[in-house]
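Undergrad: What follows is the residue order along each chain.
There are 2 protein chains.
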Amino acid sequence: MNEELIRILVATDNHVGFLERHPVRGDDSFNTFEEIMRTAREMEVDFVLLGGDLFHDNKPSRKTLHRTMEIFRKYCFGDRSVQVQVVSDQKMNFRNSSGCVNYEDPNFNIDLPVFIVHGNHDDPSGDGDLSAIDLLAATNLLNYFGRAQDLKEIHLAPVLITKGSSKIALYGLGNIRDERLYRIFREKNVKWVTPAENRQDWFNIFVIHQNREGRNSKSTITEQMLAPFLDFVIWGHEHESLINPWESSAGGFFVVQPGSTVATSLIEGEAKPKHMALLEVSGKEHRFTPIRLKTVRPFIMEDITLSVAQPPLDPKDTDAVTEYLAEKVEEMIEVAAREHPPDPDYPNLHLPLIKLRVDYSGGFSTINPQRFGQRFVQRVANSEDILLFVKRRTQEKGKKTAA
Amino acid sequence: MNEELIRILVATDNHVGFLERHPVRGDDSFNTFEEIMRTAREMEVDFVLLGGDLFHDNKPSRKTLHRTMEIFRKYCFGDRSVQVQVVSDQKMNFRNSSGCVNYEDPNFNIDLPVFIVHGNHDDPSGDGDLSAIDLLAATNLLNYFGRAQDLKEIHLAPVLITKGSSKIALYGLGNIRDERLYRIFREKNVKWVTPAENRQDWFNIFVIHQNREGRNSKSTITEQMLAPFLDFVIWGHEHESLINPWESSAGGFFVVQPGSTVATSLIEGEAKPKHMALLEVSGKEHRFTPIRLKTVRPFIMEDITLSVAQPPLDPKDTDAVTEYLAEKVEEMIEVAAREHPPDPDYPNLHLPLIKLRVDYSGGFSTINPQRFGQRFVQRVANSEDILLFVKRRTQEKGKKTAA
Ligand SMILES: [Mn+2]
Ligand SMILES: [Mn+2]
Ligand SMILES: [Mn+2]
Ligand SMILES: [Mn+2]
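As given, the protein sequences belong to chains A and B, one line each in that order.
No gaps in the numbering here: position 399 of the first sequence is 399 in my numbering, and each next residue is one more.
No gaps in the numbering here: position 235 of the second sequence is 235 in my numbering, and each next residue is one more.
A portion of the hints provided could be inaccurate.
Heads up, the list lumps identical chains together, so a pair's fine if it works in one copy or across two of them.
Unchecked claim - Heads up, simulated DMTMM-like pairs for lysine to aspartate or glutamate below, C-alpha to C-alpha not over 25 Å straight-line: (1) Lys74 <-> Asp105; (2) Lys188 <-> Asp314; (3) Lys63 <-> Asp123; (4) Lys74 <-> Asp129.
It should be emphasised that the hints constitute simulated quantities derived from the structure, not laboratory data.
So that you can see chain A by itself, here it is in the shape it has in the complex:
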């Protein structure tokens, strides 16, 4: 084992509890979050870094809380020795009453530390201004960091993590309403606290959970706004997996957008392969290795235009249109089946998500998606909403949904 190499399993937007009561998809978010934690354990990484939206609901159901606690309990405890050290002020870094990183509490045998910032889905709220993540921190299951104390002036104090001579300054910022954070950045009220000594020796990571791209420039944090001394930025919140880091035009740092680990919207960005990743740091060098997630439900999305069908369709012949669309869905199911054979560990996971966007301009009528879906109930995971009728294909482009 390389005593200088810090190995980090990175994932974001796990949205556990998403559609938890759905008869087919109910376990999807849990299966994948468990895959992540199991992988982290198998790879014996130094720690797991989560980029927010661990929970889908601000108030997760009791069952979701319970299942999530059981996953952490199953994978974070054991007799390995943790190789990294947190050398910054732990009381300042973490939200919990013990005042230390979870694996240093002598009453808990934690051997896989998890560090997490909150997202907009699991942000602090209500009496006590607590996040659901605070319940996991209170029970010492993880380390919750990156929570701004004062929105007038945000002090980004890093968690300083060392292993041998490798040193990571881990900056994090839990989600803040985009317009507000934009203003705080613009007014230069984000203060980056840097290590007192040998600032240039640290590998500086930043975890952020905000809009990265958007129409409205006043609600989008850009790479240009970030500190130029950063080395690597992990961008949560955006669900499309852009898993190959790019060098920012703004400075000398790399940016990656791991994307969500479960599709919460049946849109193009979520139909692409989903990932976690291994980030390895040695000195100022790093390597980033995408890991495709195996427990992601197949999702096939296509567009079809009724007016150009061959042979041509009669707009008044609803039965013919229905059969035409059903045939198309059959083809999509076949594509999904070729790519994702059944897995005995996940009995229903091969049932695909199918989204067929139907351009019905040219005098065609819509047909009832629920009724259409009935024939696919046992074969498509989202039989209730396979079809989406649009007038012109472009309407849907660039539509943004809450991530």
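Start from chain A and add chain B with the ligands according to the hints.
TA: Here is chain B with the ligands on its own, set in the frame of chain A:
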């Protein structure tokens, strides 16, 4: 230290989270629950036994959950060695995924075990049929037992606890709707599982959370219905503290009703001193020592009849009636102050609960209790509902509230 003596701190109906948003009383339930856990630690008891209604709300607020977790985390962990052994099938006894009593999980340094049954306030519900207590069990903060698997036939399998030659068979039954449980008992579908060997050597404790007394015999579990081989019955749910055990007329066992640790109704039964207790068991001998709780807010309740006031009051002179009642409240505040001097550890705990039941028969009118209370805002904890107007004093007698 006596190696045969099993020492148990007993409490019930802690109702944490009760009135948590009340400006004066919000911390009361937490203060007292923390007093119990602190006392258990200071006394170095072998374990804590809780009789249900740990939480006041079936869905405790995030803040209440968080505060409760922090209390368990503060008092249940450490380096003492636990002297008792659980020799029954732990997987059968407890609701958790680890399948063992919490202090035997090698990943947790528990040194003060807590055993608990659920009450009607924190009973299992919703998707997954989980109790809020399950969240504490999943995070290994306590041991949740006594949950009936099958209501057609309830198998009461005890937690068998030994220390040297002393042996406790701890039976528990989380709350079941009274009418239903009555029927199950009547139809002889409660099966008491007894230790395979030397049945007569065990000290048999039963923790139950049901109505003990009530008008309707079909919704009241009586001592006669319980197994005659029991030695000691701890009766939760009833909030009046009847802290001196009585020998049951039904069999050879003792019964105690510790009562709630916070007043959730301003009725006579809750105005009495509140208690936890130390139950000590050595062989088949036991000793039960009440411990008066110190953090309970003073509660003075009195009755007054306007028509017999001296000098007589004019029913039409509302101002005079108001002043008469205010004077009475002043006297009650003085009584409370004499008995409960301010405690610097609990800055507002000396503010008393005051309940004055006013018999206004004889042509008197009621006066607005909110307006009346305004003059006592800084001096009475429940200034908003000091006065209760009744027509004849007997109306209130025997009134039952959900416990
Ligand atoms: Mn988000
Ligand atoms: Mn998200
Ligand atoms: Mn009760
Ligand atoms: Mn109660």
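Undergrad: All hints are to be evaluated individually against the structure, with a verdict given for each.
TA: The hints, checked one at a time:
Proximity of Lys74 and Asp105 under a CA criterion of 25 Å is satisfied in both settings, with 18 Å inside one chain copy and 12 Å between copies. Neither within a single protomer nor between protomers do Lys188 and Asp314 lie at most 25 Å apart by alpha-carbon distance, with minima of 61 Å and 71 Å respectively. Within a single copy, Lys63 and Asp123 get their C-alpha atoms as close as 19 Å, and across copies as close as 14 Å, so both meet the 25 Å cut-off. For the homomeric pair Lys74 and Asp129, the shortest alpha-carbon distance between copies (21 Å) is at most 25 Å, but the shortest distance inside one copy (28 Å) is not.
Going down the numbered hints, you'll see the structure goes against just number 2.
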